[in-house]
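Engineer: For reference, each letter of the sequence shown is one residue, going 40 to 529 in the working numbering.
If you are wondering where the hints come from, they were derived from the structure by calculation, not from laboratory data. Since this is a predicted model, take the numbers as computed values, not measurements. Mixed in with the good hints, there may be bad ones.
[Stated by the list, open to error] No more than 30 Å apart at the CA atoms, straight line, and that leaves these computed lysine-lysine pairs for BS3-like: (1) Lys73 / Lys178; (2) Lys259 / Lys84; (3) Lys168 / Lys68; (4) Lys84 / Lys150; (5) Lys442 / Lys468; (6) Lys73 / Lys168; (7) Lys498 / Lys365; (8) Lys169 / Lys73; (9) Lys178 / Lys168; (10) Lys478 / Lys365; (11) Lys107 / Lys150; (12) Lys168 / Lys107; (13) Lys156 / Lys259; (14) Lys261 / Lys150; (15) Lys101 / Lys520; (16) Lys84 / Lys169; (17) Lys520 / Lys219; (18) Lys219 / Lys151; (19) Lys178 / Lys101; (20) Lys150 / Lys169; (21) Lys405 / Lys442; (22) Lys68 / Lys84.
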Amino acid sequence: MNRIFLVLLFSLFALLTHAKSTDDDQRIKYPGGKAVMYRIVFTDKHHSPYSLDRPQAFLSAKALARRKRQGLPLDSTDLPVTPAYIDSVRARGIDVVSHSKWNNSVLARVKKPQLVKQLNLLPFVADVKKVWTAPDSIKPLSTRTKYHTEFRAWDTVDQIEYGAGMEQINMLNGITLHEKGYMGRGMTIAVLDGGFMNADMIPCLQAANIVGCEDFVVPKSKTIFREMDHGTKVLSVMAANVPYVFKGTAPEAAYWLLRCEDNYTESMAEEDYWAAAAEFADSAGVDIINSSLGFHEYDDESTNYRYIQLDGHSALVSVTASMLAKKGIVLVNSAGNDGMDSWKKINVPADADDIITVGAVGPNRKNAAFCSVGPTADGRVKPDVMAMGSPATVLTGRGTIIKDMGTSFSTPVVTGLVACLWQALPTLKATDIIDIVRKCADNYATPDNIYGYGIPDFKRALSLGKALLSNRQQQAAAKAKAASTLKARQ
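Construct all of the structure, not just a fragment, from the sequences and the given hints.
Structural biologist: Below is the structure:
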């Protein structure tokens, strides 16, 4: 008996040792080697060659047109970080890898942390904060998976044009917008995510209007299309357009694919990546951002967020997100999937002001148990609205249709329909659209921090938007008439 036990014990030990050895063999050094990243915040934007009188130097014509259409002025946050300050940092042997003009900061990567100490002596440096330390090793970088070149017969849903995407768009009464010809044409959506595996090759997405892609992670990937397929799934919910198989919520919109999530580490540096991506989206003239990302817990536990910091103005990523509506952009962000964990609350930047935070429900319209809840630390209702995410229909990087769980996938259901709604009501501001989406939801009269304002009805949203425009037109006409009468009396 003892002999059998020893043999089994030895076998188990050998198995575990082999597994560990195999895992160790599969690991590689972190790309670029050991390094540390610091967020450097500057005091001002003095000595800048840029001017608000010449915005064409740092904003595209499309971005300026969006601001003008919504009557939104430029301000100092729009000015790029002062180049002389960046040059001064680099002159000290420090590699600046990212900028944030809205936060007046840069992200610096150094292999000799002692070099950073001298930065505190510079008069234009307000703060220096360590945000990332390279791990010793990681698993190898991902490679492209094989994908299907066509759908199987059983993927087709006879007589239902939206195919597998029918339930999630129908729950929000979004088909009404499509039937009126509003499918996102003329609107541009930026998808902020961690990777878009095969999104450039899957036949189902070949018709998608992908206008460009950028990578803000350090070091950059050779191609965002060989990274994780999370972004592919998110994109498919909006952009897929294969009748009777899978049709998304905004198949005629244009898309920027922006990678800003490091798949191998969790650190505050990802907030800097997110901010850089959001600012790029602004400068490129994007109308809407879909962000199925959120943060509260990092590899360095000392940098984890506490609930008191969920006020929309503590985390750099939330500060950035809270500025988007003022730039004329609607941010639609996932609430998070921590409802069954000890954290339970929404993540940042889901706590930001003037955004649409999306939770997840099941087919029964009931809140998904995993969905993160509110309120924010300053008492605002979160999530804002709910959509199908338990599960949602998505397209994987292998080109197959599956059901997947998460607020990551309920979010693009809403984002796509926001694009369709704004196409129908192009003269409204970003803040108007956000307000309407909340008001058209089925729990607007009695919002709570589990179900938010409820499930939005986009047919009703269109009616509310038209009524708002009509009311404004009447007010403008009345004001003009009163002014004319006063002038005549004078």
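Engineer: Does each hint fit the structure? Answer for all of them.
Structural biologist: Status of each hint after checking the structure:
About 15 Å separates the Cα atoms of Lys73 and Lys178, which keeps this hinted pair within 30 Å; it holds. A distance of roughly 28 Å separates the Cα atoms of Lys259 and Lys84; the hinted pair therefore holds under the 30 Å criterion. Among the hinted pairs, Lys168 with Lys68 is consistent with the structure: their alpha-carbon atoms are about 25 Å apart, no more than 30 Å. The hinted pair formed by Lys84 and Lys150 meets the criterion: a straight-line CA distance of about 28 Å does not exceed 30 Å.
About 34 Å separates the Cα atoms of Lys442 and Lys468, which puts this hinted pair outside 30 Å; it is violated. A C-alpha spacing of about 18 Å is found between Lys73 and Lys168, which places the hinted pair at or below 30 Å, so the restraint holds. Proposed proximity of Lys498 and Lys365 is supported: the alpha carbons are some 26 Å apart, at most 30 Å. A C-alpha spacing of about 14 Å is found between Lys169 and Lys73, which places the hinted pair at or below 30 Å, so the restraint holds.
As the CA atoms of Lys178 and Lys168 are separated by approximately 28 Å, the hinted pair is consistent with the 30 Å bound. Pair hint Lys478 plus Lys365 holds up; C-alpha atoms about 20 Å apart against a cutoff of 30 Å. Restraint check for Lys107 and Lys150: the C-alpha separation of about 44 Å exceeds 30 Å, so the hint is violated. For a cut-off of 30 Å, the pair hint linking Lys168 to Lys107 is broken: about 36 Å separates their Cα positions.
For the given pair, Lys156 sits about 27 Å from Lys259 by alpha-carbon distance, which is consistent with the 30 Å threshold. For the suggested pair Lys261 and Lys150, the alpha carbons sit about 22 Å apart, so the restraint of at most 30 Å is met. Distance hint between Lys101 and Lys520 is unfulfilled; the C-alpha atoms sit about 34 Å from each other, more than 30 Å. Taking the CA atoms of Lys84 and Lys169, the gap is near 22 Å; set against the 30 Å cutoff, the hint holds.
Proposed proximity of Lys520 and Lys219 is contradicted: the alpha carbons are some 34 Å apart, above 30 Å. Our distance criterion of 30 Å between C-alpha atoms is broken by Lys219 and Lys151, whose separation comes to about 60 Å. Distance hint between Lys178 and Lys101 is unfulfilled; the C-alpha atoms sit about 41 Å from each other, more than 30 Å. The suggested pairing of Lys150 with Lys169 holds, with an alpha-carbon distance near 13 Å, which does not exceed 30 Å.
At most 30 Å may separate the alpha-carbon atoms for a hinted pair to count; Lys405 and Lys442 meet this at roughly 17 Å. With a C-alpha separation of about 38 Å, the suggested pair Lys68 and Lys84 falls outside the 30 Å cut-off, and the hint is violated.
In terms of the numbered hints stated before, the structure departs from hints 5, 11, 12, 15, 17, 18, 19, 22, listed from lowest to highest.
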